[in-house]
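Sequences and hints are given; from them, build the entire structure.
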Amino acid sequence: MGVRRREADEEGELSGVGTMNAIESRANRSRVARARVVAAVPLWLALALPAGAQSPSPPILDARAAPACTASAASASSAASDAYVRPAQVDLVDLLPPPPAENSAAARRDLEAVLDAQRSARAQHTVEHAISDATTTCGRFADALGATLSDERTARVLAFLNRAAQQGAALTGPVKQYWHRKRPYAVSDRVGRLADVAPDAPLAVTMRSACGPNARLPSRELAAQALARVSYPSGHSAFGTVCAILLADMVPEKRSELFARGRDYGHSRLVVGAHFPTDVEAGRTVGTVAVALMMQNAAFRHDYAEARAQLRSALGLPTAASGAAAATLH
Numbered sequence: 001m002g003v004r005r006r007e008a009d010e011e012g013e014l015s016g017v018g019t020m021n022a023i024e025s026r027a028n029r030s031r032v033a034r035a036r037v038v039a040a041v042p043l044w045l046a047l048a049l050p051a052g053a054q055s056p057s058p059p060i061l062d063a064r065a066a067p068a069c070t071a072s073a074a075s076a077s078s079a080a081s082d083a084y085v086r087p088a089q090v091d092l093v094d095l096l097p098p099p100p101a102e103n104s105a106a107a108r109r110d111l112e113a114v115l116d117a118q119r120s121a122r123a124q125h126t127v128e129h130a131i132s133d134a135t136t137t138c139g140r141f142a143d144a145l146g147a148t149l150s151d152e153r154t155a156r157v158l159a160f161l162n163r164a165a166q167q168g169a170a171l172t173g174p175v176k177q178y179w180h181r182k183r184p185y186a187v188s189d190r191v192g193r194l195a196d197v198a199p200d201a202p203l204a205v206t207m208r209s210a211c212g213p214n215a216r217l218p219s220r221e222l223a224a225q226a227l228a229r230v231s232y233p234s235g236h237s238a239f240g241t242v243c244a245i246l247l248a249d250m251v252p253e254k255r256s257e258l259f260a261r262g263r264d265y266g267h268s269r270l271v272v273g274a275h276f277p278t279d280v281e282a283g284r285t286v287g288t289v290a291v292a293l294m295m296q297n298a299a300f301r302h303d304y305a306e307a308r309a310q311l312r313s314a315l316g317l318p319t320a321a322s323g324a325a326a327a328t329l330h
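The end of the sequence shown is residue 330 by our numbering, with every number in the run present.
Hints listed in this document are in silico derivations from the structure and should not be mistaken for laboratory results.
Everything numeric in this text was worked out from a predicted model, so none of it was measured.
Warning: the hint list may mix true and false statements.
[Unchecked claim] FRET-style restraints, in silico, Cβ to Cβ:
1. 102 to 317: 44 to 52 angstroms
2. 128 to 298: 36 to 44 angstroms
3. 147 to 205: 24 to 32 angstroms
4. 259 to 97: 18 to 26 angstroms
5. 309 to 120: 37 to 45 angstroms
6. 317 to 122: 32 to 40 angstroms
7. 152 to 319: 15 to 23 angstroms
8. 263 to 103: 24 to 32 angstroms
9. 253 to 106: 34 to 42 angstroms
From the three backbone atoms N, C-alpha and C, an ideal C-beta is built for every residue, glycine too.
As structure tokens, this is what we get:
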């Protein structure tokens, strides 16, 4: 992994999330930490980690370049107390490959892919669809499911799905704050800025997109600076992947359509100028890991079983247990 490590540029322009103690801690990461990563994720993902691999080199931190995202201790503690999955369960900095280095051939390909996606969306009149996908709700998958997720019969199902997907997306936070990769629009002014990354987006939306729920930044300027440097991996892509996996497991009759919609949901992030393709792919990996970890949580399995039965009943489908998550109940 060392060959692919990202080096900070000469201006020391990255990140403001930790101190030099954090750098030393990451540089001295123990074998025990790596063992925890391998034990926490499915075998096929663990095998992707090279034996004896070291963590990627941390970037040089500069608080002026990317303000730190903070949340109140009370809200963070409350969120963790009944969580289906927590970022501390897996070290995704180790699991994911580093993003392409700035000004590399891979980075240039990433940028061209964003520009191509925006041109295609304009030509195909799908820009508004992509803007609507910036809303983080599994309700956006109703078109693939062939049924609404907003009526009285499915409201609790949607609440469960959104809760799980939001927690899955939160796993991207430590990786975002480690790499502080620039978003496409911060790399090139040829990239259009839409939806939650639009210059005129409400401040609350900007803070949430920059730092996640319970964000605390003192000004729009600092929020905009933070927003511009959390491209890798895509939280929306992770969110959509969790939605797709859980819905496909609940309704395997629509599995192909739901997974295709999950990929489309991630692609929308290119169209609005929020992410590069490599951000989206990494987000899909995060979402997949998140669901694998959730399935080990007894509270999640209980809530999943209830939600699955409710959804299948609302759709007029048999409710007998089946699928990966349901199988863990037996």
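Each hint tested on the structure:
Checked against the hint of 44 to 52 angstroms, the C-beta distance between residue 102 and residue 317 comes to roughly 49 angstroms, which is consistent with it. In this structure the hint that residue 128 and residue 298 lie 36 to 44 angstroms apart at CB holds, the actual value being about 41 angstroms. Between residue 147 and residue 205 the C-beta distance comes to about 28 angstroms, which sits within the given range of 24 to 32 angstroms. Against the hinted window of 18 to 26 angstroms, the Cβ-Cβ separation of residue 259 and residue 97 comes to about 22 angstroms, which satisfies the hint.
Checked against the given bound of 37 to 45 angstroms, the beta carbons of residue 309 and residue 120, roughly 40 angstroms apart, stay inside it. Look at residue 317 against residue 122: about 39 angstroms separates their beta carbons, and that is inside 32 to 40 angstroms. At about 18 angstroms, the CB distance of residue 152 to residue 319 agrees with the hint of 15 to 23 angstroms. In this structure the supplied range 24 to 32 angstroms holds for residue 263 paired with residue 103, their Cβ-Cβ distance being about 28 angstroms.
Checking the proposed 34 to 42 angstroms range against residue 253 and residue 106 shows it holds: the Cβ atoms sit about 39 angstroms from each other.
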